[in-house]
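Chemist: Work out the full structure: start from the sequences and follow the hints.
Per this note's numbering, the very first residue in the sequence shown carries number 1; after that it's consecutive.
Everything labelled a hint here was simulated from the structure, so no lab data went into it. Some hints here could point you the wrong way.
To be verified - The list that follows gives simulated cross-link-like pairs (lysine to aspartate or glutamate, DMTMM-like), each with its CA atoms no further than 20 angstroms apart:
| hint | residue 1 | residue 2 |
| --- | --- | --- |
| 1 | K104 | E69 |
| 2 | K110 | E142 |
| 3 | K138 | D54 |
| 4 | K104 | D116 |
| 5 | K46 | E142 |
| 6 | K138 | E37 |
| 7 | K110 | E37 |
| 8 | K104 | E71 |
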Amino acid sequence: MEMITELYRLTRRCEVTAILILYGLLRLLTGSILAHEMMHAWLRLKGYRTLSPDIEEGICQVLAHMWIESEIMGGSSSNATSTSSSSSSSTSSKKGGRSQFERKLGDFFKHQIESDTSVAYGDGFRAGNQAVLQYGLKRTLEHIRLTGTLPF
1 MEMITELYRL TRRCEVTAIL ILYGLLRLLT GSILAHEMMH AWLRLKGYRT LSPDIEEGIC
61 QVLAHMWIES EIMGGSSSNA TSTSSSSSSS TSSKKGGRSQ FERKLGDFFK HQIESDTSVA
121 YGDGFRAGNQ AVLQYGLKRT LEHIRLTGTL PF
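Modeler: Right, here's the structure in full:
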């Protein structure tokens, strides 16, 4: 049997068409999941090469953690300057007016990310978070793009 071979260049195109999330989850949990999944989408759309699970899941967990932090620690925001005449109980859910319950819930979700024992999500988060704290998010992402690893 004769085999004919020829060069064929594969072009991989990655498109993100949707992010699916369960309905009915708590606001902070929904937001952190969206931040995590949007980071996956951003990495794909920006052409990051195939990353190891600990790098990719870790940096996505860093973004989820950062989002929760911004929500529970955020002081005044553009919401605080709203001139809406319907200032009902919904104003207590705006930044700067978080209930103690929501702050504690956010702290719990952050703790879950910080103490995760899995290699990809837990160890990946701790390494990624250390890099972001040391070098900043932009420089960390640039290093990941260039090398596929975290800066140390």
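Chemist: Now, for every hint given, state plainly whether the structure supports it.
Modeler: So, going through the hints one by one against the coordinates:
Using a Cα cut-off of 20 angstroms, the hinted pair K104 and E69 holds, with the two alpha carbons roughly 11 angstroms apart. With a C-alpha separation of about 25 angstroms, the suggested pair K110 and E142 falls outside the 20 angstroms cut-off, and the hint is violated. A threshold of 20 angstroms between alpha carbons decides the hint, and for K138 with D54 the separation of about 19 angstroms falls inside it, so the pair holds. At roughly 18 angstroms between alpha-carbon atoms, K104 and D116 fall within 20 angstroms of each other, so this suggested pair holds.
For the hint pairing K46 with E142, the CA-to-CA distance comes to about 11 angstroms; that is within 20 angstroms, so the pair holds. Among the hinted pairs, K138 with E37 is consistent with the structure: their alpha-carbon atoms are about 18 angstroms apart, no more than 20 angstroms. For the given pair, K110 sits about 16 angstroms from E37 by alpha-carbon distance, which is consistent with the 20 angstroms threshold. About 12 angstroms separates the Cα atoms of K104 and E71, which keeps this hinted pair within 20 angstroms; it holds.
Consistency with the previously given hints fails for number 2 only.
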